[in-house]
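Modelling step: build the complete structure from the supplied sequences, incorporating the hints.
Top line first, the protein sequences correspond to chains A and B. Numbering (my numbering) for the first sequence: 519 to 832. Numbering (my numbering) for the second sequence: 519 to 832.
Calculated directly from the structure, the hints in this document are not laboratory data. Predicted, not measured: the structure shown is a model, and the values here were computed from it. One or more of the hints may lead you astray.
Unchecked claim - Some chain B residues near chain A, calculated using beta-carbon distances under 10 Å: (1) N653; (2) G657; (3) G685; (4) L686; (5) G694; (6) L767; (7) T806; (8) I808.
Claimed, not checked - Okay, the calculated bits of chain B under chain A, using three or more residues with CB under 8 Å as the criterion: (9) 670-682; (10) 779-792; (11) 825-831.
The beta carbon of each residue, even a glycine, is placed where N, CA and C say it ideally should be.
Number of protein chains: 2
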Amino acid sequence: MTTPGTNFIGINVSGTQARAALVDRDGAVINTKSGQFAPKELIPQLAAMVEELAPRGSIAAIGVAIPGLVNRQTDRVIAPRAVPTTMFDDLHGELMRATGVRVELENDANAAAYGEYKVGAGRGARNMFYMMIGNGIGGAIVLDGKLWTGASGFAGEVGHITIDTEGLECICGNRGCLETVASAPSIVRRARERLNRDSTSSLSRLALNKSFTADDVAHQAKEGDDFAHMMIERTGKYIGTGVASVINLLNIELVVLGGGVMDAGSLILNPIIQEVKRRAFQPCFEATEIVAAKLGLDGAPIGAALLARDATTE
Amino acid sequence: MTTPGTNFIGINVSGTQARAALVDRDGAVINTKSGQFAPKELIPQLAAMVEELAPRGSIAAIGVAIPGLVNRQTDRVIAPRAVPTTMFDDLHGELMRATGVRVELENDANAAAYGEYKVGAGRGARNMFYMMIGNGIGGAIVLDGKLWTGASGFAGEVGHITIDTEGLECICGNRGCLETVASAPSIVRRARERLNRDSTSSLSRLALNKSFTADDVAHQAKEGDDFAHMMIERTGKYIGTGVASVINLLNIELVVLGGGVMDAGSLILNPIIQEVKRRAFQPCFEATEIVAAKLGLDGAPIGAALLARDATTE
Chain A
519 MTTPGTNFIG INVSGTQARA ALVDRDGAVI NTKSGQFAPK ELIPQLAAMV
569 EELAPRGSIA AIGVAIPGLV NRQTDRVIAP RAVPTTMFDD LHGELMRATG
619 VRVELENDAN AAAYGEYKVG AGRGARNMFY MMIGNGIGGA IVLDGKLWTG
669 ASGFAGEVGH ITIDTEGLEC ICGNRGCLET VASAPSIVRR ARERLNRDST
719 SSLSRLALNK SFTADDVAHQ AKEGDDFAHM MIERTGKYIG TGVASVINLL
769 NIELVVLGGG VMDAGSLILN PIIQEVKRRA FQPCFEATEI VAAKLGLDGA
819 PIGAALLARD ATTE
Chain B
519 MTTPGTNFIG INVSGTQARA ALVDRDGAVI NTKSGQFAPK ELIPQLAAMV
569 EELAPRGSIA AIGVAIPGLV NRQTDRVIAP RAVPTTMFDD LHGELMRATG
619 VRVELENDAN AAAYGEYKVG AGRGARNMFY MMIGNGIGGA IVLDGKLWTG
669 ASGFAGEVGH ITIDTEGLEC ICGNRGCLET VASAPSIVRR ARERLNRDST
719 SSLSRLALNK SFTADDVAHQ AKEGDDFAHM MIERTGKYIG TGVASVINLL
769 NIELVVLGGG VMDAGSLILN PIIQEVKRRA FQPCFEATEI VAAKLGLDGA
819 PIGAALLARD ATTE
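Okay, structure coming up:
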């Protein structure tokens with residue numbers, strides 16, 4: 519007979535990357551593991567990661583954070599952004615069968631938010647809004663210590679608030695979503711358009727590099743590249759526009775911003791805060807602290823593990 | 519010795535109008551009263567309304583809904599939209615002294631939302647977003663049966679979410695707020711601009727009337743005026759853009775829309791719903807019901823009375 523384990527594993531699945539963290543009951547990280555997977559081999563490869571991190575019987579539950587919406591009634595995944603839906607067809611059931619451990623699915627932004635809230639930048643706050651700027655822009659709301667996931671589990675989709683009624687078409691079908699100008703691919707697209715148009719920006723180090731990422735733009739900005747700096751600053755203004763709407767609506771005390779582009783540090787955080795100050799109601803702005811996430815890539819796996827912990831002790 | 523009363527009075531103060539309702543503990547309306555007041559005579563005139571509605575000693579508390587933000591710690595009013603701040607300088611203290619009854623101040627959108635939630639269109643829902651389209655656009659959030667007023671009491675300011683980053687300047691200092699195109703004065707401004715520009719719309723009945731209001735536009739639309747109909751439809755699209763952002767963020771099960779322009783009925787409600795469908799995430803749209811408010815002008819006074827009731831029984 520196996521006694522139930524006392525630790526938890528959280529796994530963040532993103533594109534063809536998976537990152538897992540083994541944590542104790544308090545969210546302290548014991549070990550982490552990252553790897554690529556072939557989409558068709560997702561389940562066996564996740565099961566192998568679990569096996570490598572912890573011997574059978576030593577963990578109580580697994581939390582999996584995925585880039586899609588999770589229907590809590592059916593444990594099915596709806597409309598994932600970065601990967602084909604079919605990949606997650608029955609992730610919940612299959613991973614449970616493959617590992618013999620209870621599995622909880624969670625939206626990646628919700629998981630990262632919960633990780634930051636419990637052991638990261640949100641520690642000690644009562645209410646928090648989290649925004650993750652990645653391939654998409656996700657978000658999550660923590661109210662009175664709990665994730666507010668809404669009527670059917672989909673709350674927090676800040677990437678799809680309209681900031682320009684006649685703006686670019688978004689993958690969600692809407693026009694002018696925040697995501698169309700501030701997500702990582704949008705940063706690259708805007709930078710590319712500008713480099714093609716503007717001869718002076720051929721001075722930019724980015725122009726020498728045919729295929730660059732949003733993280734490269736953030737990195738070059740920190741290295742002193744003026745053009746990259748300008749792109750990051752503009753991105754900050756867009757993000758700030760979204761954050762201003764969020765705090766006017768929610769009057770929330772803490773906004774935590776995560777994602778690779780936040781590695782630009784104050785080069786992006788300052789324009790975000792300036793734009794929020796310009797656009798938000800003054801009393802809402804004054805009541806809000808806006809900070810960068812602290813846990814980096816471990817936020818989502820830690821949060822997924824802690825959400826699985828909460829689910830097993832409910 | 520006076521025994522404490524068992525009924526409550528709610529008063530909505532808007533511009534130079536006040537509307538009061540005497541309600542019982544369950545929010546059933548016993549009597550209402552409306553009147554104009556001179557700004558300098560606000561306190562004595564409100565006290566007179568209270569006196570006329572109910573004899574001294576018969577009411578337990580008075581709730582006053584005002585078009586501004588209320589600081590709950592100090593009971594002071596911040597940044598009212600429609601009236602000079604000084605008018606409300608010490609409304610709380612002065613009205614208490616003038617009536618001898620406990621007074622609670624509340625933002626008008628919060629009060630109207632709570633009225634609709636308890637005895638109007640929101641009855642039976644658990645979570646609700648309320649939007650009031652008037653001289654400004656206010657909003658309020660009810661979560662698990664309670665007003666969610668945020669970190670410092672200012673949540674719900676949906677009129678000031680940005681829907682057009684480079685849009686018109688708003689009285690709040692921001693650009694492109696929902697309020698700049700969908701509030702009652704904005705509807706009039708847009709109609710006027712269009713009538714000046716477009717000769718065919720001189721056929722509109724509105725053009726014959728030099729000074730018309732947003733309510734007139736709604737009324738003419740219902741009477742079959744094509745131009746007014748078009749203006750209302752366009753307004754519905756703007757409002758729908760805001761509602762879509764709200765439900766993407768909150769995944770809330772019920773949205774209740776109030777204000778005079780909603781008198782246009784399905785002529786405005788249908789374009790709102792169509793625009794939300796077009797812009798919101800499908801699962802969020804499907805989880806949400808969007809309806810018109812039911813209580814009309816009585817919503818805010820009833821809600822203010824019920825919030826005062828809750829405050830006295832806390």
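Problem - Hint check, B:L686 versus chain A [nearest Cβ-Cβ separation less than 10 Å] - result: 12 Å, violated
Problem - Given hint B:I808 near chain A, where the shortest CB pair must fall under 10 Å - result: 13 Å, violated
Problem - Satisfaction of the B:L767 interface hint, Cβ to chain A closer than 10 Å - result: 6 Å, holds
Handout entry: Hint status (Cβ of B:T806 to nearest Cβ of chain A, threshold 10 Å)
Key = 7 Å, holds
Exercise for the section: Examine the stretch 779-792 of chain B: at least three residues should have C-beta closer than 8 Å to a C-beta of chain A. Expected result: violated (count 0)
Exercise for the section: Examine the stretch 825-831 of chain B: at least three residues should have C-beta closer than 8 Å to a C-beta of chain A. Expected result: violated (count 0)
Exercise for the section: Classify the hint on B:G685 as holds or violated, based on whether any CB of chain A lies nearer than 10 Å to its CB. Expected result: 8 Å, holds
Exercise for the section: Would you settle whether the hint for B:N653 is holds or violated, based on the nearest Cβ-Cβ distance to chain A being less than 10 Å? Expected result: Hint on B:N653: violated, closest Cβ of chain A at ~17 Å, above 10 Å.
Problem - Given hint B:G694 near chain A, where the shortest CB pair must fall under 10 Å - result: Nearest chain A Cβ about 8 Å off; hint holds.
Exercise for the section: Report holds or violated for the interface hint on B:G657, using the least CB-CB distance to chain A and a cut-off of 10 Å. Expected result: 7 Å, holds
Exercise for the section: State whether the coverage of the stretch 670-682 of chain B by chain A holds or is violated, taking the criterion as 3 or more residues with Cβ-Cβ distances under 8 Å. Expected result: holds (count 12)
In this structure, the hints that do not hold are numbers 1, 4, 8, 10, 11, in rising order.
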